[in-house]
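*Asks:* Sequence:
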Amino acid sequence: MSAQKKVTSSVDPELRPFHEQLFEAGLAVRRSVVGNTYVDRALANGSTEFSRPGQELVTEWCWGYAWTRPGLERRERSLLNIGMLMALNRAPELAVHVRGARNNGLSETEIREAILHCTTYCGVPAGVDAMKIAERVLNEMAEAGEKERELGGKSKDA
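Residue numbers for the sequence shown, in numbering that gives the first Met the number 0: 0 to 157.
FYI, nobody ran anything at the bench for these hints, they're computed from the structure.
Just so you know, even glycine gets a beta-carbon here, dropped at the ideal spot from N, CA and C.
Some hints could be false.
Distance ranges between label pairs, derived from CB positions [to be verified]:
id, residue 1, residue 2, range
1, P91, L150, 29 to 37 Å
2, A43, G144, 34 to 42 Å
3, S46, R74, 44 to 52 Å
4, S46, L79, 14 to 22 Å
5, L150, G53, 20 to 28 Å
6, L14, G122, 41 to 49 Å
7, E112, V10, 28 to 36 Å
8, F17, G151, 21 to 29 Å
9, W60, G151, 18 to 26 Å
10, E13, A143, 39 to 47 Å
11, Y64, P124, 26 to 34 Å
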């Protein structure tokens with residue numbers, strides 16, 4: 000589903016322009032935060048008649064509504080997501096949002112400190128998992144030339 004593809008779910012025809020506008024706004028934010036590769040893959044995986052409405056909902060309401068609201072900067076939203084995804088034990092989404100946090104300007108130190116802070120509330124196993132996930136994502140980003148490591152990469156022996 001490309002940026003040019005319009006909302007195809009069965010919505011009230013009178014509301015279709017609203018949904019399309021929200022989808023386009025959400026798609027732009029989603030691509031900016033988590034990157035084209037992830038978004039293209041998510042949209043392709045959700046391109047069937049059955050799954051497309053799920054991608055439309057995520058793009059319209061999560062990215063087009065929640066992420067475009069005033070009152071919080073993207074950096075702050077990223078910090079919130081790290082904590083919520085740790086608490087919910089959503090490892091794949093945590094990885095996506097660690098990448099998004101870096102794209103939104105958070106430093107490795109800020110990401111680490113968010114994880115440490117949340118560990119005191121979510122528990123040590125959640126914190127250990129989150130550290131491993133964040134380290135892997137930060138290393139992947141450095142290897143791909145997206146962002147340089149600020150705190151040093153993980154040892155190959157670890």
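*Asks:* Would you mind marking each hint as holding or not holding in the structure?
*Replies:* Here is what the structure says about each hint:
1. P91 x L150: 29 to 37 Å: Violated, since P91 and L150 (Cβ atoms, about 23 Å apart) do not stay within the stated range.
2. A43 x G144: 34 to 42 Å: violated (24 Å)
3. S46 x R74: 44 to 52 Å: With Cβ atoms ~31 Å apart, the hint is violated.
4. S46 x L79: 14 to 22 Å: violated (29 Å)
5. L150 x G53: 20 to 28 Å: Since L150 and G53 have Cβ atoms about 36 Å apart, the given range 20 to 28 Å is violated.
6. L14 x G122: 41 to 49 Å: Holds, since L14 and G122 (Cβ atoms, about 43 Å apart) stay within the stated range.
7. E112 x V10: 28 to 36 Å: violated (42 Å)
8. F17 x G151: 21 to 29 Å: Given range 21 to 29 Å: violated, Cβ gap about 48 Å.
9. W60 x G151: 18 to 26 Å: Violated, since W60 and G151 (Cβ atoms, about 38 Å apart) do not stay within the stated range.
10. E13 x A143: 39 to 47 Å: holds (44 Å)
11. Y64 x P124: 26 to 34 Å: Distance hint for Y64, P124 holds at roughly 33 Å.
Of the hints listed earlier, those the structure fails to meet are numbers 1, 2, 3, 4, 5, 7, 8, 9, in rising order.
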